[in-house]
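Visitor: Sequence:
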Amino acid sequence: MLISETPIQQAYPMTVVMATLGGASLAGTIEQLNSGSVVPAEILVCIPEQEAPRTAHLLFPNVKVIVTDCRGQVAQRAVGFQNASHDIVMQLDDDIMVDKNCLEYLLQTLIKYGPHVAVAPVLIESASGKTAKMNPKILRLYYFLMNGSAGYKMGAVSRAGAEFGYDAYVMGQGEHDVEWVPGGCLIHFRKNLIKDNYFPFKGKAYCEDLLHSYYLKKNGVRLKINMNARCFLEDTPAAGYGYKEFINIIKADYRARKYYVRLSSKSYSRMHLYYMALILNYLIKKLLTKNCR
Numbered sequence: 001m002l003i004s005e006t007p008i009q010q011a012y013p014m015t016v017v018m019a020t021l022g023g024a025s026l027a028g029t030i031e032q033l034n035s036g037s038v039v040p041a042e043i044l045v046c047i048p049e050q051e052a053p054r055t056a057h058l059l060f061p062n063v064k065v066i067v068t069d070c071r072g073q074v075a076q077r078a079v080g081f082q083n084a085s086h087d088i089v090m091q092l093d094d095d096i097m098v099d100k101n102c103l104e105y106l107l108q109t110l111i112k113y114g115p116h117v118a119v120a121p122v123l124i125e126s127a128s129g130k131t132a133k134m135n136p137k138i139l140r141l142y143y144f145l146m147n148g149s150a151g152y153k154m155g156a157v158s159r160a161g162a163e164f165g166y167d168a169y170v171m172g173q174g175e176h177d178v179e180w181v182p183g184g185c186l187i188h189f190r191k192n193l194i195k196d197n198y199f200p201f202k203g204k205a206y207c208e209d210l211l212h213s214y215y216l217k218k219n220g221v222r223l224k225i226n227m228n229a230r231c232f233l234e235d236t237p238a239a240g241y242g243y244k245e246f247i248n249i250i251k252a253d254y255r256a257r258k259y260y261v262r263l264s265s266k267s268y269s270r271m272h273l274y275y276m277a278l279i280l281n282y283l284i285k286k287l288l289t290k291n292c293r
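Residue numbers 1 to 293, in the working numbering, belong to the letters of the sequence shown in order.
Honestly, the hints are just simulated from the structure, not real lab data. One or more of the hints may lead you astray.
As the list claims (entries may be wrong) - Now the in silico label distances, taken between C-beta atoms and shown as ranges: (1) 275 with 50: 27 to 35 Å; (2) 284 with 61: 18 to 26 Å; (3) 243 with 52: 21 to 29 Å; (4) 13 with 138: 27 to 35 Å; (5) 218 with 281: 30 to 38 Å; (6) 125 with 70: 27 to 35 Å; (7) 235 with 57: 21 to 29 Å; (8) 112 with 53: 20 to 28 Å; (9) 202 with 280: 26 to 34 Å.
To be verified - Each computed DSSO-like pair below joins lysine-lysine, with the alpha-carbon atoms no more than 27 Å apart: (10) 217 with 112; (11) 204 with 258; (12) 137 with 285; (13) 202 with 218; (14) 266 with 202; (15) 217 with 285; (16) 251 with 224.
The C-beta atom is built at its ideal place from N, Cα and C for all residues, glycine as well.
Based on the sequences and whatever the hints tell you, model everything.
Guide: Written as structure tokens, this is what we have:
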């Protein structure tokens with residue numbers, strides 16, 4: 001079925017870059033984006049040649065497909081950045097649904113604190129399964145192992161090289177400075193874009209958020225989050241993966257995080273404690289899931 005829309009009125013002069021393999025969620029993400037209070041003038045869909053036929057049904061008037069000779073989220077996105085037509089550029093994953101007013105809030109913050117700033121929304125994950133809550137005492141011990149006496153600090157990167165997330169109910173409304181921003185949805189001024197492929201491995205770009213945030217800050221870009229801007233995505237709980245798949249994920253994540261820890265002078269010993277906790281948490285939840293059947 002062809003996906004098309006009526007001509008877009010009053011498009012805002014900004015470019016959205018989407019690195020994709022043409023998955024089933026792509027068209028829906030674009031349709032949702034074009035239904036917002038701010039509609040981007042240009043959406044660049046960056047896709048490798050082998051998967052390019054999957055974009056044939058995308059007949060949105062503001063979409064331009066860029067066939068890349070590279071494969072990988074960061075590399076494909078860099079090609080999109082190099083071809084952006086407008087001074088404001090947003091990167092967006094193809095499986096993220098933006099709230100109607102999301103772009104409006106992000107633009108307000110970008111312009112207010114610019115020009116050396118990058119702004120992210122809150123990413124609200126919808127888990128496909130129930131997870132058990134951890135005992136508060138165990139949580140405090142975990143945060144101590146990850147980050148020493150500083151413990152848990154929302155929006156920070158721990159000494160273990162693991163990011164602490166954002167809780168909209170705790171942080172409340174408004175704009176906040178943070179140490180890392182999610183790469184799934186982020187808005188910049190074009191002059192601050194990192195236009196080369198900074199991810200040194202093949203395959204899925206694990207820890208890409210941390211690496212990107214590191215290089216942005218190194219270039220003098222301030223990282224902010226607007227808690228009023230919301231995006232939504234489906235999340236698969238760790239226990240939802242099979243043992244072999246989980247091991248492969250851990251291996252790829254470990255390789256990338258080790259690179260980041262070395263780059264940012266974090267703690268290798270705390271990083272290994274992080275993986276021990278991650279694996280233990282997976283095994284416990286697997287056991288609980290099995291017993292609940």
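Visitor: It remains to establish, for every hint, whether it holds in the given structure.
Guide: Verification of the hints:
no., hint, result
1, 275 with 50: 27 to 35 Å, "holds (33 Å)"
2, 284 with 61: 18 to 26 Å, "violated (50 Å)"
3, 243 with 52: 21 to 29 Å, "violated (35 Å)"
4, 13 with 138: 27 to 35 Å, "violated (50 Å)"
5, 218 with 281: 30 to 38 Å, "holds (32 Å)"
6, 125 with 70: 27 to 35 Å, "holds (29 Å)"
7, 235 with 57: 21 to 29 Å, "holds (27 Å)"
8, 112 with 53: 20 to 28 Å, "violated (42 Å)"
9, 202 with 280: 26 to 34 Å, "holds (29 Å)"
10, 217 with 112, "holds (18 Å)"
11, 204 with 258, "holds (15 Å)"
12, 137 with 285, "holds (18 Å)"
13, 202 with 218, "holds (24 Å)"
14, 266 with 202, "holds (23 Å)"
15, 217 with 285, "violated (36 Å)"
16, 251 with 224, "violated (30 Å)"
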